[in-house]
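Student: Each chain, written out:
2 protein chains.
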Amino acid sequence: MALIVQKYGGTSVGSTERIRNVAKRVARFHREGHQLVVVVSAMSGETNRLLGLAREITENPDPRELDVVAATGEQVTIGLLAIALHGLGLKARSYTGAQLRILTDSAFTKARIVEIDDQRMRKDLADGTIVVVAGFQGVDRHGNITTLGRGGSDTSGVALAAALKADECQIYTDVDGVYTTDPRIVPEARRLDRITFEEMLELASQGSKVLQIRSVEFAGKYMVPLRVLSSFEDVDSPSPGTLITYEEDEAMEQAIISGIAFNRDEAKVSVMGVPDRPGIAYAILGPIAAANIDVDMIVQNIGASGHTDFSFTVNRNEYQKAMGVLESQRGTSFEAREIIGDNRIAKVSVVGIGMRSHVGLASRMFKTLADEGINIQMISTSEIKIAVVIDEKYLELAVRVLHKAFELDKGALGPTA
Amino acid sequence: MALIVQKYGGTSVGSTERIRNVAKRVARFHREGHQLVVVVSAMSGETNRLLGLAREITENPDPRELDVVAATGEQVTIGLLAIALHGLGLKARSYTGAQLRILTDSAFTKARIVEIDDQRMRKDLADGTIVVVAGFQGVDRHGNITTLGRGGSDTSGVALAAALKADECQIYTDVDGVYTTDPRIVPEARRLDRITFEEMLELASQGSKVLQIRSVEFAGKYMVPLRVLSSFEDVDSPSPGTLITYEEDEAMEQAIISGIAFNRDEAKVSVMGVPDRPGIAYAILGPIAAANIDVDMIVQNIGASGHTDFSFTVNRNEYQKAMGVLESQRGTSFEAREIIGDNRIAKVSVVGIGMRSHVGLASRMFKTLADEGINIQMISTSEIKIAVVIDEKYLELAVRVLHKAFELDKGALGPTA
Numbered sequence: 578m579a580l581i582v583q584k585y586g587g588t589s590v591g592s593t594e595r596i597r598n599v600a601k602r603v604a605r606f607h608r609e610g611h612q613l614v615v616v617v618s619a620m621s622g623e624t625n626r627l628l629g630l631a632r633e634i635t636e637n638p639d640p641r642e643l644d645v646v647a648a649t650g651e652q653v654t655i656g657l658l659a660i661a662l663h664g665l666g667l668k669a670r671s672y673t674g675a676q677l678r679i680l681t682d683s684a685f686t687k688a689r690i691v692e693i694d695d696q697r698m699r700k701d702l703a704d705g706t707i708v709v710v711a712g713f714q715g716v717d718r719h720g721n722i723t724t725l726g727r728g729g730s731d732t733s734g735v736a737l738a739a740a741l742k743a744d745e746c747q748i749y750t751d752v753d754g755v756y757t758t759d760p761r762i763v764p765e766a767r768r769l770d771r772i773t774f775e776e777m778l779e780l781a782s783q784g785s786k787v788l789q790i791r792s793v794e795f796a797g798k799y800m801v802p803l804r805v806l807s808s809f810e811d812v813d814s815p816s817p818g819t820l821i822t823y824e825e826d827e828a829m830e831q832a833i834i835s836g837i838a839f840n841r842d843e844a845k846v847s848v849m850g851v852p853d854r855p856g857i858a859y860a861i862l863g864p865i866a867a868a869n870i871d872v873d874m875i876v877q878n879i880g881a882s883g884h885t886d887f888s889f890t891v892n893r894n895e896y897q898k899a900m901g902v903l904e905s906q907r908g909t910s911f912e913a914r915e916i917i918g919d920n921r922i923a924k925v926s927v928v929g930i931g932m933r934s935h936v937g938l939a940s941r942m943f944k945t946l947a948d949e950g951i952n953i954q955m956i957s958t959s960e961i962k963i964a965v966v967i968d969e970k971y972l973e974l975a976v977r978v979l980h981k982a983f984e985l986d987k988g989a990l991g992p993t994a
Numbered sequence: 578m579a580l581i582v583q584k585y586g587g588t589s590v591g592s593t594e595r596i597r598n599v600a601k602r603v604a605r606f607h608r609e610g611h612q613l614v615v616v617v618s619a620m621s622g623e624t625n626r627l628l629g630l631a632r633e634i635t636e637n638p639d640p641r642e643l644d645v646v647a648a649t650g651e652q653v654t655i656g657l658l659a660i661a662l663h664g665l666g667l668k669a670r671s672y673t674g675a676q677l678r679i680l681t682d683s684a685f686t687k688a689r690i691v692e693i694d695d696q697r698m699r700k701d702l703a704d705g706t707i708v709v710v711a712g713f714q715g716v717d718r719h720g721n722i723t724t725l726g727r728g729g730s731d732t733s734g735v736a737l738a739a740a741l742k743a744d745e746c747q748i749y750t751d752v753d754g755v756y757t758t759d760p761r762i763v764p765e766a767r768r769l770d771r772i773t774f775e776e777m778l779e780l781a782s783q784g785s786k787v788l789q790i791r792s793v794e795f796a797g798k799y800m801v802p803l804r805v806l807s808s809f810e811d812v813d814s815p816s817p818g819t820l821i822t823y824e825e826d827e828a829m830e831q832a833i834i835s836g837i838a839f840n841r842d843e844a845k846v847s848v849m850g851v852p853d854r855p856g857i858a859y860a861i862l863g864p865i866a867a868a869n870i871d872v873d874m875i876v877q878n879i880g881a882s883g884h885t886d887f888s889f890t891v892n893r894n895e896y897q898k899a900m901g902v903l904e905s906q907r908g909t910s911f912e913a914r915e916i917i918g919d920n921r922i923a924k925v926s927v928v929g930i931g932m933r934s935h936v937g938l939a940s941r942m943f944k945t946l947a948d949e950g951i952n953i954q955m956i957s958t959s960e961i962k963i964a965v966v967i968d969e970k971y972l973e974l975a976v977r978v979l980h981k982a983f984e985l986d987k988g989a990l991g992p993t994a
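Heads up: the protein sequence lines correspond to chains A and B, in order.
Quick note, in the numbering used here, the first sequence goes up one by one and the last residue is 994.
Quick note, in the numbering used here, the second sequence goes up one by one and the last residue is 994.
Just so you know, the hints here were simulated from the structure itself, not pulled from any lab data.
Careful: at least some of the hints might be erroneous.
No distinction is drawn between identical chains; accordingly, a pair holds when it is met within one copy or between any pair of copies.
[Said to hold, decoys possible] Within a straight-line C-alpha distance of at most 20 Å, the following computed EDC-like cross-link-like pairs (lysine to aspartate or glutamate) qualify:
#	residue 1	residue 2
1	K742	D759
2	K601	D753
3	K668	E636
4	K668	D695
5	K700	D717
6	K601	E633
7	K601	E636
8	K898	E609
9	K798	D759
10	K981	D770
11	K798	E973
12	K687	D871
Using the sequences and the hints, build the whole thing.
Tutor: Now the structure itself:
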């Protein structure tokens, strides 16, 4: 018998029929003798409908009141799921974030969980009751309803699993696990049985949008074993999904590269010929940060003759804004020979925990791209990731050849090719 | 400066545009210096949509969970209205029933209010904040969400007004007050400036569905001055509506008859030739009550030769069921010569507090109907009401001639005609 926290996203509870299916899935685990806490999102489309109503009234709705409106989406789902579980003859009880005292700070629309009281849940679980919890929401110490921001239901699930020291936190989505890359681009992409939190973070932040990043960080911090599964498979013969673990076990060491991530939502900005002096990075990026523009990759080369080139990427939507900020600061905050930008780029990353102890991976990546005539515009590396910026028209080709070069279709990286 | 509780029903908040209009109306009262507590229903159609979702899942949804789902309707409206008030530059704060500790019993889907803590509201009101409250809902002492049953938002408004000892509780609907009768039948029907609680109870229970009966009883019990108004009139030149008072002041004594109520949702059942002995009424009505059939009028004539006739009315939907119950009990619970029924009847009532001190009203009513050839099938009277059952095809005619005979189009009853 295990204590399992299950989280079902919006599409998994998108209709009353799907909610009945979720109830059947929960019932199967219950029959197997597990204790269950089920966290649910709003029915798909519902949160947007609610926020849309608020925006019909005024362009900038009051955040406290926006949370009052938005929190109803999940409240509807918990009631409906509990009704469905009762309909199957099971004991179930729904709780809003406030009823369960999921205590958050008061940062409306993007609150952070501070504390969860697990006593009420434990009492229910002890008498065989299935606990159904509204994701995405909590309550501050003044009793105000708060929400954790979009996608926050994943975080709710992980936080509850951490508070209960659950044996596993299962995140049900519309995909059956984490893949070596996007199967729409590489049909040979494989589902990973296991992946480490760090790899998952790199994969998720690079655009593999399976899990909300914050929930993965949270799971890593509290060492909650996280499993990604599909809620659309047959209840009686489910796929095991992908287990995200906080430890590198032996099986993991075999796989050096776990996946290829990519992102085509970025644009590149380069400030050429800036003086190579302390403080230049801040002189350039300070005004960008002040304009609330998020920066992803940052690259600066060793300068020659007292000058250097400085490049970074921003979200494509903020490209024009970023260029405008730089042009307006040029000559005051910093001197530069030229400011150039490109919003037709894509980022491709090779991610793997095994990178730490294996050399030669970067060069294999670069050679693979070179063999296809793909020029690399920027390179950035971390402990477990090599990311490159290329012309966006080569994105699919790059992902395919890298997937093959690292033998991700075969399950594990063989000896150096 | 007064403390006013305003309640807006589903059609008054049926769209974001209408919610903005409600905000403007609230703002006008606020500008006049009043302290305001605003109670709102779910947007029209929303409660039915939510209950429909629950019924899609299972035919008999768990009542606790049904309340969790249903309560979201009002929660959306309070958030939206508070957003609209903020948009007008006003301080406003929304509260669910649970947040305000509107304590109820645990009778899910039909809970009754036990206690309201007014401290939180008073604190807000004192600093100029408009308090926006979700109607129709509360919380039991275990923290479970409860609802007061359909139409319960009126009761919420009155209960809050009672707890706050408000100067007035204004109920906004889609009509601009209580009329002497239905203007669709009698175009000369007049809006009453004032009416007593008792008259209102008789009018409402007879089918003038302006206010929920329970809220009127509640208002009478706690002596809350209640005013019925329209939310669809011009914000800047509103009609005064109808004030429902608990005292008979001088102005009231002038009006002997306040209105003509009617109801065509009933059916008549007569048990003829039953033994005229103690316990016969229970022998007949006991099985009806046991079958959960509500009975409205009950009439028994003085019997002759040891036998009597016993008649009552039930809701038309339960007519066949009632007939079946009686036939099955005949010969065991009671003896009867004949059981006959008629579901083509209508009830017409003349209501007025002045009836207490004026004689001759019943005979005027009966003569008026007789002059038109309308046969009276049953008669039942109370302190302030005379109700008759007639053939339903004469209903409109009866209402029109009675309205004229009691000179309701002229404002007050003159000397005996």
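Student: Now tell me if each hint is right for this structure.
Tutor: Cross-check of the supplied hints:
Taking identical chains as interchangeable, the C-alpha atoms of K742 and D759 are never at most 20 Å apart, the minima being 32 Å within one chain and 64 Å between chains. With identical chains, the CA atoms of K601 and D753 are at most 20 Å apart within one copy only, with a shortest distance of 18 Å there and 51 Å across copies. Taking the shortest alpha-carbon separations for K668 and E636, only the inter-copy value of 17 Å comes in at or below 20 Å, while the best intra-copy value is 43 Å. Within a single copy, K668 and D695 get their C-alpha atoms as close as 18 Å, which meets the 20 Å cut-off; across copies the closest is 36 Å, which misses it.
For the homomeric pair K700 and D717, the shortest alpha-carbon distance between copies (19 Å) is at most 20 Å, but the shortest distance inside one copy (23 Å) is not. Proximity of K601 and E633 under a CA criterion of 20 Å is satisfied inter-copy only: 16 Å between copies versus 38 Å inside one chain copy. Only between protomers do K601 and E636 lie at most 20 Å apart by alpha-carbon distance; the minimum there is 17 Å, versus 41 Å within a single protomer. For a Cα distance limit of 20 Å, the shortest separation of K898 from E609 qualifies neither inside one copy, at 55 Å, nor across copies, at 46 Å.
Neither within a single protomer nor between protomers do K798 and D759 lie at most 20 Å apart by alpha-carbon distance, with minima of 27 Å and 68 Å respectively. In the homo-oligomer, the alpha carbons of K981 and D770 lie at most 20 Å apart inside one protomer (19 Å), although the nearest pairing across protomers, at 84 Å, exceeds that limit. For the identical chains of this complex, K798 and E973 are neighbours neither inside a copy (34 Å) nor across copies (75 Å), given an alpha-carbon limit of 20 Å. In this assembly of identical chains, the alpha carbons of K687 and D871 lie at most 20 Å apart only when taken from the same copy (17 Å versus 51 Å across copies).
Taken one by one, the earlier hints fail for this structure at numbers 1, 8, 9 and 11, listed in ascending order.
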